[in-house]
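Colleague: So the protein sequences, as listed, match chains A and B.
This note's numbering applies: residue 1 is where the first sequence begins, and numbers increase by one.
This note's numbering applies: residue 1 is where the second sequence begins, and numbers increase by one.
Heads up, a few of these hints could be off.
[Claimed, not checked] Partial pick of chain B residues on the chain A-facing surface, computed with a CB cut under 10 Å:
(1) Ala43
(2) Asn50
(3) Ala85
(4) Val269
[As the list claims (entries may be wrong)] Each computed SDA-like pair below joins lysine to any residue, with the alpha-carbon atoms no more than 20 Å apart:
(5) Lys415(A) - Val48(B)
(6) Lys97(A) - Glu154(A)
(7) Lys415(A) - Ala45(B)
The hints are simulated quantities; they were obtained by calculation from the structure and are not laboratory data.
Beta carbons: idealized from backbone N, C-alpha and C, even for Gly.
Single-letter residue listing:
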Amino acid sequence: MKNKLMAGVAGLALAAGGAFAQVNEDAPQGGEMVVTYQDDVATLDPAIGYDWQNWSMIKSLFDGLMGYEPGTTTLRNELAASHEISEDGTVHTFVLKDGITFHNGREITAEDVKYSLERVTDPTTRSPGAGFFGMIAGFDTWNAGEGDGLSGVEVTGDKTVQITLSRPDATFTHVMALNFASIVPREAVEASGEDFGREPVGSGAFRMTEWTPGQQLVFERFEDYHRAGVPKLDRVTFDIGLDPTVALLRLQNGDADVPGDGIPPAQFLQVVNDAAYDDQLVEGGQLQTGYITMNTQMAPFDNVDVRKAVNMAINKDRIVQMINNRAVPANQPLPPTMPGYAEDYEGYPFDHEAAREMLAEAGFPDGFTTELYVMNVDPNPRIAQAIQQDLSEIGVNAEIRSLAQANVIAAGGEKDQAPMIWSGGMAWIADFPDPSNFYGPILGCAGATPGGWNWAWYCNEDLDQRAADADAMVGDPAAREEAWRQIYLDIMEDAPWVPVFNEQRFTLHSTNVAGDDSLFVDPVHIPVNYDYIHSAEAE
Amino acid sequence: MSAYLIRRLIESALILLGITFVTFLLLYLVPADPARQIAGRSATAETVANIRDQLGLNDPLFIQYFRYLGNLLQGDMGRSYLQRAEVAELIASRLPASLLLMVSAIITELVLGLTIGVVAALRRNRPADHSLMIFSFVSISAPQFVIGILLLYVFAVQLGWLPIGGYGTFAHLILPSITLGFLGAGWYSRMMRSSMIDVLEQDFVRTARAKGLSRLNIITRHVMPNAILPIIAMIGIDIGLFMSGIVVVESVFGWPGIGQLAWQAIQRVDIPVIMGVTMVSATAIVLGNLIADLVAPLIDPRIKTK
Numbered sequence: 001m002k003n004k005l006m007a008g009v010a011g012l013a014l015a016a017g018g019a020f021a022q023v024n025e026d027a028p029q030g031g032e033m034v035v036t037y038q039d040d041v042a043t044l045d046p047a048i049g050y051d052w053q054n055w056s057m058i059k060s061l062f063d064g065l066m067g068y069e070p071g072t073t074t075l076r077n078e079l080a081a082s083h084e085i086s087e088d089g090t091v092h093t094f095v096l097k098d099g100i101t102f103h104n105g106r107e108i109t110a111e112d113v114k115y116s117l118e119r120v121t122d123p124t125t126r127s128p129g130a131g132f133f134g135m136i137a138g139f140d141t142w143n144a145g146e147g148d149g150l151s152g153v154e155v156t157g158d159k160t161v162q163i164t165l166s167r168p169d170a171t172f173t174h175v176m177a178l179n180f181a182s183i184v185p186r187e188a189v190e191a192s193g194e195d196f197g198r199e200p201v202g203s204g205a206f207r208m209t210e211w212t213p214g215q216q217l218v219f220e221r222f223e224d225y226h227r228a229g230v231p232k233l234d235r236v237t238f239d240i241g242l243d244p245t246v247a248l249l250r251l252q253n254g255d256a257d258v259p260g261d262g263i264p265p266a267q268f269l270q271v272v273n274d275a276a277y278d279d280q281l282v283e284g285g286q287l288q289t290g291y292i293t294m295n296t297q298m299a300p301f302d303n304v305d306v307r308k309a310v311n312m313a314i315n316k317d318r319i320v321q322m323i324n325n326r327a328v329p330a331n332q333p334l335p336p337t338m339p340g341y342a343e344d345y346e347g348y349p350f351d352h353e354a355a356r357e358m359l360a361e362a363g364f365p366d367g368f369t370t371e372l373y374v375m376n377v378d379p380n381p382r383i384a385q386a387i388q389q390d391l392s393e394i395g396v397n398a399e400i401r402s403l404a405q406a407n408v409i410a411a412g413g414e415k416d417q418a419p420m421i422w423s424g425g426m427a428w429i430a431d432f433p434d435p436s437n438f439y440g441p442i443l444g445c446a447g448a449t450p451g452g453w454n455w456a457w458y459c460n461e462d463l464d465q466r467a468a469d470a471d472a473m474v475g476d477p478a479a480r481e482e483a484w485r486q487i488y489l490d491i492m493e494d495a496p497w498v499p500v501f502n503e504q505r506f507t508l509h510s511t512n513v514a515g516d517d518s519l520f521v522d523p524v525h526i527p528v529n530y531d532y533i534h535s536a537e538a539e
Numbered sequence: 001m002s003a004y005l006i007r008r009l010i011e012s013a014l015i016l017l018g019i020t021f022v023t024f025l026l027l028y029l030v031p032a033d034p035a036r037q038i039a040g041r042s043a044t045a046e047t048v049a050n051i052r053d054q055l056g057l058n059d060p061l062f063i064q065y066f067r068y069l070g071n072l073l074q075g076d077m078g079r080s081y082l083q084r085a086e087v088a089e090l091i092a093s094r095l096p097a098s099l100l101l102m103v104s105a106i107i108t109e110l111v112l113g114l115t116i117g118v119v120a121a122l123r124r125n126r127p128a129d130h131s132l133m134i135f136s137f138v139s140i141s142a143p144q145f146v147i148g149i150l151l152l153y154v155f156a157v158q159l160g161w162l163p164i165g166g167y168g169t170f171a172h173l174i175l176p177s178i179t180l181g182f183l184g185a186g187w188y189s190r191m192m193r194s195s196m197i198d199v200l201e202q203d204f205v206r207t208a209r210a211k212g213l214s215r216l217n218i219i220t221r222h223v224m225p226n227a228i229l230p231i232i233a234m235i236g237i238d239i240g241l242f243m244s245g246i247v248v249v250e251s252v253f254g255w256p257g258i259g260q261l262a263w264q265a266i267q268r269v270d271i272p273v274i275m276g277v278t279m280v281s282a283t284a285i286v287l288g289n290l291i292a293d294l295v296a297p298l299i300d301p302r303i304k305t306k
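Model the full structure from these sequences, guided by the hints.
Modeller: So, in structure tokens, the structure goes:
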């Protein structure tokens, strides 16, 4: 949760709930909730918003064709009444539900779908999410500023839209559930222009009725929402500008229901150990991995045995302890709740003796000196020191370069600058619950370019091909999952990373709001699922 | 006087021009690429190049700088990269809150600081003096963040007298002003104390006492006006200190001012907003100093405006 600094840089957080959540669809309606945040909301334009604070707000204001079952990572139709895929997996036909409207009262048609997808991929929109739509036919020319629209998106009826892909892609349905694929009304976007992010009009469960910059936002129930009985609450108020410590005081005082920024690190142990909070604290997994990258194109990390030796040198349990057990140790790039995670893989053992031997065999009996880059916000420098200490055990002298986030990201994007980086505070968090999302930009050849996110500069063309093949496996999820599992296990053979831990998510809420635990650690809605949580008073 | 005023105004304008250049250069040199920040991590190299092009980030530094300056002179500070809103609008919507907080913090620090300084000077080397000076030492050294949280805990949570952060009523203003004014109160009390002690030892004070004036009269009519002079000059300079203070205090109390705006813009490399806030604060500091220099001779005719 401390990763909020990554807003707009590394995207949003997703957490994984259980396979099936027990969401009480019949929970009563009524009541309200107050959520606090430190930062003002950057924008509520679904084509622009890309930090974990506005991500779930946008989810409540806008809907796309696809969505997720509350509290889970299971896809479901949202504005779409039906969704069909052609035999070869390249043509997706969506039929819109009947009689659904935007907040301004106008009915949603297939033209709106085309407009919305063209808007987000239009280069003049400068959407951070445009790249997700690369599989739609005609994307390359349209996104380069040529032609007059996305040729792959065709309106074939008042309520029917046909989307043709340039290649079969199993991730496409997840992409259509991203905020970037939200359906927006053209007239409202054109009326507001650049200010649409301040005056959002969508078709989500809530509509925004008030925004006082730096102070407060108010969401109120959208009476004509396409799902009967949703949302549960009449009103959600966001109080902005409060330091997390102050937000906790407000919660204790009954002035707030959910501290949006989570529990401040300094108060974490106190809250977790206090029996009074037992009913108010929910823990869940998160689709996140914290890792150390080793630049595979810089000596001595161009030697795979050196990278393996480093993998064996790091005491992950101790690092997890240092952050008050707010994480679980990791042994592979994928987090445990992600499809494709290898349950029975044991990873590299923690063994200084074996690590020293392997380093000696690799030609470094006396170790070497290197640099470890780290973001300068607690707890990352402390974690870097623990890593430094572990490395010194095997004779490797790592000097710590503690820098601002932007500088570490910039160093990682240079081919020959950062031999090692601890990813904390910038770590990869999935955009959608699919194993492919952990590959391309951070482990694939495409990311190993100047300014890219593949800080290990790891490029294995064979794996790139296998990744592309796996994504083309439409209609056979089990085989596809297995293909991805093997890809990540093979990556571990090359050891470009030391996977260190997967962060856990802890959400605190007042007794005024209720709902299944999965709604409070919803994989897609952070900090909580605003649409389905209900008021305890209304019960 | 008017020649002096014109010269000082020209000097101030030049200082501000220098600040635009230095800030622009620094932000240009920051390794973070705003286009890449906007494009997001899923973007292709072409998308990033396209955005750089749209924002004019490919032009040479000086072209970019003069374009910025040209727009600035027409009152156009550009649009936020992230929020897409007009920077001038963002700042204008937040400036009143910051000004209100600053004015009330200045009042707080003057009232607190001067009172403590005067009392300490009159009780020099006695227990009251020692305890007040320890208090001022604490107020100078304690981090504003800690003071803010402490005050909130005691007065808002425990006693329930005041709201837990927020904005809107006089009650909301009290704790942030005290927190922000606390540091200055410490400095002022120390300055006022030594300045008072200086003046108390002057010949004219002995004369006044010799001619039988009352103690109260001596202090209010003869000592304080003389002792307060160095403080007046300080207030102008202090604006700079306040500008850094409001970033912390506004974030603790949820005060919707420009400090909060600046903090978020810096975290997100939102360069037009950073430039805008820097220019507004720089203008406030330059104006503060100018006013302090202009006011000083009005209070003390011995200071000539040359």
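Colleague: If you test the structure against every hint from before, which numbers come out violated?
Modeller: As far as the earlier hints go, not one is violated by this structure.
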